[in-house]
Amino acid sequence: MTDDRFENLLRARLPHLPADEPLRDDADLTQLGLDSMQAMELLFDLEEEAGITVPDSAMNAETFATPASLRAVVDQQAEEAA
Amino acid sequence: MSAPAALTTQRPPATPLDARVGAVLPVLREDADRIDDAAAFPVRGLAALRESGLMGLLVPQEHGGLGGSSADLTHVAQELAGECLSTAMIWAMHCQQVAALTRHGSPRLKAHLLPRIARGEVYVASVTSEKAKGGHLLSAHSPLTGEGDGTLRFDRDAPIVTGGAHADGFLITLRDGPEAAPHRVTAVYADRDRITVEEGPDRWNPMGMRGTHSIPLRLSGTVDETAVVGRRGGFKDVAVADFVPAGHLAWAACWLGAVRGALRSVLKLLRSPAGRRQFDLSGQQLRARLARVRMELDAMAALLTQVTADSDRHRGTAGAESPPVQMRLNALKVYTAERSFACVDELIRVVGLRHGYMRRSGLPLERLFRDLRSAGLNYADDRLLAANGAMCLLDREVSLAD
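Protein chains in written order, with the working numbering: chain A, 1 to 82; chain B, 1001 to 1402.
Accuracy of the hints is not assured; some may be wrong.
[Unchecked claim] Each computed EDC-like pair below joins lysine to aspartate or glutamate, with the alpha-carbon atoms no more than 16 angstroms apart:
hint : chain 1 : residue 1 : chain 2 : residue 2
1    : B       : 1268      : A       : 48
2    : B       : 1268      : A       : 47
3    : B       : 1236      : B       : 1321
4    : B       : 1268      : B       : 1280
5    : B       : 1131      : B       : 1155
6    : B       : 1268      : A       : 56
7    : B       : 1131      : B       : 1157
Bear in mind the hints are in silico, worked out from the structure with no lab data behind them.
Using the sequences and the hints, build the whole thing.
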């Protein structure tokens, strides 16, 4: 998944992030409005885009803490799937 | 980060009991389709259960068993049924016999039999149905006859015995004597190799639950007074205190576990990359259907937990026979029978023809649909509802059990 595609999917679930503001890798996703329902929808978006299934054990606060932590989980699953 | 943290699925740590179950599950998973195809008894599954120690789950520790509780019974039944409902039911019915033997067997019978059950050497089948009376548990036609020297003789036809070709022992209900009324039912235990067991023709070819291989048997022989389970003519007390509650709890747990397994398989498909190409997980209708199944699972599980507590609390007391407690026990059986079948039907709707209706689609839905069709017929819901309806009419205050 390209960085742009990842960021676009992420941005769509972050209501408190203005469109003209850059998304930092270490941004606090909760502060930007990612609640548990939105996190679930985001996960489904990413799974569909990347053709992966994130294991239940990875569905925790650490995974959804920052763009970097989420990207790491997605990349790891994509690597395992490939 | 409290909000996304709510996604985390907390699992309790694995227990020694889970390790025993874990050793059996792969065998059940491997054989489930094969025994369904062949309508054959799960020989390998039973061997794994014997090896695991789970045949002695309800045998007290002083007799070498695991000393498991009713909650352990329903936990293990669910796990087994998540892989193979037929094998789970065979195990559950064995546990139902063990519950009766453990609590109502004579000291000599228990000392002789329970350690062998705990070691996995004895699989106990029940012989409670009879041609003349059908499945009614609390009446019997075929009588015990005395020999005058304290031995008890019987010669009984059993039209359908689950596991009858494989059981090592039988819990048999009989009329207490040639002159006794049909409701004077006595239960006796007999080892297979101590009596004459004639197997009738194998015509077993049902729609579902095909692994619960059942055949007609004719059992004849003698036992002594120590083989009597409960009082002479008093099987009703055994039934009310243990046999019926253990049966209802174990069956309900099996059905609930089967639906949990079904939902697990559906979710695995839906979340897989292949599933994502076929199903739109954002669809409101799909989500509502999944939510309904999950809601039914929670309702069944809550009722099961409540009736398990009722059964532990009232065992051996007059409270067990109180109408509100009896109605809830019967309701557990009827409710889980109805809803488990409805849940599988709903899951078939979710995944459609290819994954839901086709045999060997990779999902167990087609098999479970046939299996669970029998849930309401087995110990018939109609009869339980008629009994509950009568008790309901008598309780004009509508006092729900505590």
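Outcome of the hint check:
{"no.": "1", "hint": "B/1268 <-> A/48", "verdict": "holds (14 angstroms)"}
{"no.": "2", "hint": "B/1268 <-> A/47", "verdict": "holds (13 angstroms)"}
{"no.": "3", "hint": "B/1236 <-> B/1321", "verdict": "holds (11 angstroms)"}
{"no.": "4", "hint": "B/1268 <-> B/1280", "verdict": "holds (14 angstroms)"}
{"no.": "5", "hint": "B/1131 <-> B/1155", "verdict": "holds (14 angstroms)"}
{"no.": "6", "hint": "B/1268 <-> A/56", "verdict": "holds (11 angstroms)"}
{"no.": "7", "hint": "B/1131 <-> B/1157", "verdict": "holds (8 angstroms)"}
When each numbered hint is compared with the structure, no violation occurs for any of them.
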